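Just so you know, the sequences run in chain order A and B.
Mapping the first sequence onto my numbering, position 407 (from 1) lands on 407, and the numbers just tick up by one.
Position in the second sequence (first residue = 1) + 1000 = my numbering.
Keep in mind that the hints were calculated from the coordinates and are not lab data.
Be careful, since some hints might not be right.
Among chain A residues calculated to face chain B with C-beta under 8 Å, some are [as the list claims (entries may be wrong)]: (1) Ala85; (2) Asp91; (3) Ile98; (4) Ile102; (5) Ile105; (6) Leu165; (7) Gln169; (8) Arg182; (9) Arg195; (10) Thr197; (11) Pro323.
On a predicted model such as this, the values are computed, not experimentally measured, just so you know.
All C-beta atoms in this analysis are idealised placements derived from N, C-alpha and C, irrespective of residue type, glycine included.
Here is how the chains run, residue by residue.
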Amino acid sequence: MSKSAPIAKKAAPKTAAKSAKAKASPATPISVPEGAAAVPGPKKVRVHYLTRVEGHGNIVVDVEADGTVSTCRWEVPEAPRFFEAMLVGRDYKDVHHIVSRICGICAIGHQLASLQATEDALNIHVSEQTHLLRRLALHGENLQSHLLHIAYLVLPDLMGVDSILPLAQTHKDAVLKFIAARRVSNEFSRIICGRTTHPQRMTPGGFMQLPSTEDLVHLRTILTQTLPNLDFAVDFFAGIMDRFPKFERETEYVGLVSPAEYAMYWGEIGSTKDERRPVRQYRNVTREYIVPTSTAKWTKNQTDSYMVGALARFNLNAEHLRPMAAAAAKKLGLVKGCTNPYLITIAQLVECVHTVEESIEMVDELLTRGIRDEAPARPSISAGRGTGAVEVPRGILFHFYEYDDSGRIFQADCVIPTNQNHANIQKDLEALTPKLTGLSEKEIELKLSMLVRAYDPCISCSTHCIDARGLDDGARSLVRFNRK
Amino acid sequence: MAKPRIAFFDFAGCEGDQLQIANLEERLLDILDHVEVVSFREVATNHSDDYDVAFVEGSITRPEDEIRLKEIRKNAKVLVALGACACIGGINCLKNFLAENVYREEVYGASARWFPTYAARPLKSVVHVDAEVHGCPIDPNEFARITKELLLGRAPWIADFPVCVECKQAGNVCRYEMGRMCLGIITRAGCNAACVSEGAHCWGCRGLVPGANLDAARIVMDRAGSDRKATQDLLRFFLGDTGAAL
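This is chain A alone, in the form it adopts within the complex (with noise of 0.2 Å):
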């Protein structure tokens, strides 16, 4: 390469920070033969294994002999696990335990996704009781991760420190009432599911154990509870809005819809730019394809790029928040057609207050009704297909299963939000670069890992991750500004 400049290989982001220093020397744009030493040349500022993220991530980012950022790149070489083949030949009470372990943090997410393919595939009909517990599983899952990336991820970002460890001195209420808020979330998904990583109570059919009706009255108790907590929150985040960078981007949003509720567990696919689509046909939307030097495979539909998660959800489904939660998009200054991915953060904030209340109103509905010991509903095993898609923290998950007329798996396929919006990152990345040039190594590493973190990126669900480590020379980007 002809890059002779030094190329800040490992470099954790302090390190990064120092050595950008070291390099900061006033750049002149000077023509310099190839090869030659000694004069500020092309230099690469690497966030290598993006912090904060599940998973790995790099970004790299050029910057010509001028100070020109060109090109602004997101990589995943997080190592390909092959879950998609692992399935195959798998028992159809074995599959949500497996793809349960595609992901630590969406453990319940997969599971729910994978148990509607599993009975759509093999004609399984579950009970009103069943889906209700399912819906809170959800919920409570999404209230853990969202609470997580909120609080623990994108919060030091804001307060300009490195982790939630120096704001525990700093702003030691905060912390410990976002903590608390986490503990019941994590309390939740445990009553519900039995555990919260990895659940063995859920199985096609319905559930192998109940949570009895003291453990639905403890829940709505701490639920109840949580709410000042939360309004604590969005109060918080209401008051340094302005610390979320400004940035536009006109983007296509999909997510599930339905006409009856702001859908999570169930609905159609929609989009803001598309028709709606039953989600049987996901592959019309979610149109997979592989860049030849890119890293993972990635998504198109209506435009070059889509998002996924919260503020796609809160973009297609804001009339169906329950009050409080449109009160706290109100507060917060969140309104429908919002367009700047920083704030997918607010729109998870949005939703846990969304969560909460609707959670309630179903333990409500559970204790009303009184919970019966059922046992799961048994398949009739014939060859069969069947498509999953809820929606999880991260966006629309789907799974689709063939079986074989022995219940074992044919051939499956997993397509995860992360993956759906890595090329929207790319997208959001390349408009952004034209605004970097001119910036601080440090402040433009801080404006990029914000961005992606925005999107709370879960590599490590990487059934369909390409490793392209070694290939990271300029000569492998995907898209590249020569700006002249």
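Given the coordinates of chain A, work out where chain B should sit on it, guided by the hints.
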């Protein structure tokens, strides 16, 4: 006395074990009074290569992983494997029973290009591991206890008896009595029979108990009416790398 410096790393896995640590909530703050976290990519930006204890999650699936792991081994005084993927290879080893060209094509079709992965394996296949926190996911309480023992300079204790012991204590009805399969008979305890207590059965995520009698286990499963395919499925779920499934 300077606080011990600890760091977290991960390879192929779901990072659910690091999440279990974050889920210690307020208790995590107590642990943090006694250690200095120099690297925890999932929750903090700072990073340093100067650490005493390295907690490593995930399996080794590529040649380049080995290089990184050996580097970690060199830097750390104590290396702790975190979770089933790191301790026994775990669920990643399911793919070891497929031909590589089969699983590649299954997932990516003909148009993919990437560097090959090899059979998934636990950390101890590559470097010396000083301590293991078993489970998929790990039990946060056990993690807290083992960390405490390490801080006191003791070799951490891990259960050397099968899950059945804790399962009886938990008062569960034996799955074999119910005509179902269960790996509790050959699996290392320490989880308080978490899965059985939740209505499922033991999947073997904590690895084989020392001295596990696999032949006897197969006879038990045969007698209980499990067909060989179902037995193999269960043994491959987590125990692929141990040879139990062969």
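Hint check results:
no.: 1; hint: Ala85; verdict: holds (3 Å)
no.: 2; hint: Asp91; verdict: holds (6 Å)
no.: 3; hint: Ile98; verdict: holds (7 Å)
no.: 4; hint: Ile102; verdict: holds (6 Å)
no.: 5; hint: Ile105; verdict: holds (6 Å)
no.: 6; hint: Leu165; verdict: holds (7 Å)
no.: 7; hint: Gln169; verdict: violated (11 Å)
no.: 8; hint: Arg182; verdict: holds (7 Å)
no.: 9; hint: Arg195; verdict: holds (6 Å)
no.: 10; hint: Thr197; verdict: holds (4 Å)
no.: 11; hint: Pro323; verdict: violated (30 Å)
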